Amino acid sequence: MVKDTLVIQNPTGLHTRPAKRVVAEAKRFVCDITIRRDEKEANLKSLLKLMKLGLSQHQSIELLCDGPDEQEALAHLKSYIQHLED
Amino acid sequence: MQGEPISSGISQGTAYLIRQEVVTYACPIQPEEIPGEYERLEAGVVRAARNLELLIEKVRREMGDDKAEIFEGHLEIVTSEDVDEEVKAIISEKRVCAEEAVRLFSEANALEMEELDDPYFKERGQDFRDIGTQLIRSIGGDDAVQQELPAPAIIVSEELTPSQTAALDLTKIQGMIISKGGVNSHAAIIARSQEIPAIILRDPSPLSIIRDGDLLVIDGFSGEIWINPEEAVITRLEKKKRKVRREREELLKILEEESVTTDGKHVGLYSNVGGLHDIEAALRYKSDGIGLFRTEFLFMETMSTPSLARQVEAYTQAITAMDGKQVIIRLLDTGADKPLPYWTLAQEDNPFLGVRGIRLLFEKESVLRTQIQALLLASRSGPVGLMIPMVASLLPITRVRALIEEEKTALDWDGPDQLTLGVMIETPAAVQLIEEILAIVDFVSIGTNDLTQYTLAADRGNPSVHAYYDEFHPAVLRSIAHVIRKACKMGKMNGICGELAGNPLALPYFVGLGVQELSATPVRLPDLKYLVRNIDSREAAVLVEEILRLPTSEGIRSRLGAFLTERNLMK
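Those protein sequences? They're chains B and H, same order as listed.
Residues in the first sequence are numbered consecutively from 0, following numbering that gives the first Met the number 0.
Residues in the second sequence are numbered consecutively from 0, following numbering that gives the first Met the number 0.
In case anyone wonders, no lab produced these hints; they're calculated from the structure.
These figures come from a predicted structure and were not determined experimentally.
Beta carbons are placed, not taken as given, at the ideal position from N, Cα and C, and that holds for glycine.
Worth double-checking, as some hints may not be accurate.
Coverage of chain H stretches by chain B, computed from C-beta distances (three or more under 8 Å per stretch; other residues unrestricted) [as the list claims (entries may be wrong)]: (1) 64 to 70; (2) 202 to 216; (3) 337 to 345; (4) 439 to 450.
Quick partial rundown of chain B residues pointing at chain H, CB under 10 Å, derived from the structure [unchecked claim]: (5) VAL6; (6) THR11; (7) THR15; (8) ARG20; (9) VAL22; (10) LYS44; (11) LEU47; (12) LEU52; (13) SER55; (14) ILE60; (15) ALA72; (16) LYS77.
Quick list of in silico lysine-lysine cross-link-like pairs, PhoX-like style, CA-CA up to 20 Å [unchecked claim]: (17) B:LYS48 / B:LYS77; (18) H:LYS57 / H:LYS171; (19) H:LYS87 / B:LYS77; (20) H:LYS121 / B:LYS51; (21) B:LYS48 / H:LYS121; (22) B:LYS39 / H:LYS121; (23) H:LYS337 / B:LYS2; (24) B:LYS51 / B:LYS39; (25) H:LYS87 / B:LYS48.
Required output: the full structure, derived from the provided sequences and hints.
Below is the structure:
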């Protein structure tokens, strides 16, 4: 299992459109991917659960990847989320 | 009637009332009916997905990719395992029909969203109800219906769900009055993107005072609503509408004007772009060129470095679109602070002071060679500037130049090329070496973001040193002056492409220095051009002398502010 923390950069946060893109990216990997903010966490491959986390700009989140392609998944998703545009 | 404006504009039209359909369901079932309800749910999901796909196509045609993506999100949720598993669990545990289970499921999720603090997310709770309503209808066998609207119509509704909004024929809609929601509601977002006026009227409910067919006049600037008004009101509003249109045309007209100061000095207004989408904006805002093409996005499209062909295609598109105007393309500028997913880089304690920009490219020489080849091949379609990032000495420049020659040989290059070589000035070392750098390059462009962080030793990604990162710091502005003056003296093309280039407050300073081009996000260009066209470059040159003597950022900001205020140019 690998993990890393990052800060949401895009002004409107992970609302429907950006979140949908993130979920599509996450689904490209086979490993389990969890996103965590404070006490709450969600499966990053579920748009419903991701949206319910309500991730806004400047919030710090933790990404956890567990499985065969965990390294690539973590590096890719971290970079992807940080480069999101609205 | 006075409401709350949520999208500006003035219009009149015939009232068209949309009443929310009440979806009430509570049908208990027997245990043996559970498998049947599972099947009804599955069939409903298939129908809902098909309806959504049709809607996505319609929205994409009428409103563009951005809006269509919202419904792609809905499609993603409707067809997700979450819905399948959780709704089925409700069916079997609560012993209710599929419709009731969907209602319970979407209501619970909506409430959860509405508990969030972020107002934008709060309003997404309504989206979950909308998704639920669509699914309930699909279980019942409904297919989407298209309503027949009067033209021009003003929609009156409690609120508009995304799917309702999208199913409407927007070409006929001239305005909206809603009673619920806020500035981030779907109706508001759609209204603003379609540039039609919209107003929220909470009390009395518009549905109780407006009838189908009423003549409505609405003012989306003030929030006023008139129901069947007198002729005088209509005339007055028509006049206001014409005035607003004139002002808007005035601003757009400036795009057609040249970017010259009152004393006739030209200041190139260029665009920063990341992809084809931005290039369209650059053209729309009549950019004089592309001052910075960031190639990072091209490298992030796929899970490996883009092929030579893909790069040639992307660069050629930009060059062709700009039709002979200058296009400056920066070599891949990445590092541990913004890694590419498919490159495993060593962790660094100080990524901003680490292997980034050209330093990293030298470690990945084959990637650098491919990018140089692509730029050479693309330069067959028009002039292109190759810009090297993260330069702190002369060596990277001579090395890149040698690589260009080698790649030309590899391509059996014959005759002259249209590729020029330049450097992004973003390190204090490059500022100090500017004369030597200028002697061996064709152009320089100052990257103010990195120049600020390196000059002031303040990491721009670190919130705790935010106060120390200041683009108006005298050390930053003096460095810029040094670079631009040397470049002008040596007759070399020069420009500025960081955030500061798009900041109206800094504009008089740049004009006074005689900067040749400022490159910013396309949408900033009309404002910048307005300022350029109202400044005298000789007065700005006097201002520069004053600024260069000021010891603090506060003093500099206030002097620049005064310069603009005195000329009535401060927004």
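Hints, one by one, checked against the model:
no.: 1; hint: 64 to 70; in the structure: holds (count 3)
no.: 2; hint: 202 to 216; in the structure: violated (count 0)
no.: 3; hint: 337 to 345; in the structure: holds (count 6)
no.: 4; hint: 439 to 450; in the structure: violated (count 0)
no.: 5; hint: VAL6; in the structure: holds (8 Å)
no.: 6; hint: THR11; in the structure: holds (6 Å)
no.: 7; hint: THR15; in the structure: holds (4 Å)
no.: 8; hint: ARG20; in the structure: holds (8 Å)
no.: 9; hint: VAL22; in the structure: holds (7 Å)
no.: 10; hint: LYS44; in the structure: holds (9 Å)
no.: 11; hint: LEU47; in the structure: holds (5 Å)
no.: 12; hint: LEU52; in the structure: holds (9 Å)
no.: 13; hint: SER55; in the structure: holds (5 Å)
no.: 14; hint: ILE60; in the structure: violated (14 Å)
no.: 15; hint: ALA72; in the structure: holds (9 Å)
no.: 16; hint: LYS77; in the structure: holds (8 Å)
no.: 17; hint: B:LYS48 / B:LYS77; in the structure: holds (18 Å)
no.: 18; hint: H:LYS57 / H:LYS171; in the structure: holds (15 Å)
no.: 19; hint: H:LYS87 / B:LYS77; in the structure: violated (34 Å)
no.: 20; hint: H:LYS121 / B:LYS51; in the structure: holds (10 Å)
no.: 21; hint: B:LYS48 / H:LYS121; in the structure: holds (15 Å)
no.: 22; hint: B:LYS39 / H:LYS121; in the structure: holds (17 Å)
no.: 23; hint: H:LYS337 / B:LYS2; in the structure: holds (17 Å)
no.: 24; hint: B:LYS51 / B:LYS39; in the structure: holds (10 Å)
no.: 25; hint: H:LYS87 / B:LYS48; in the structure: holds (17 Å)
Hints 2, 4, 14, 19, counting from the list given before, are not met by this structure.
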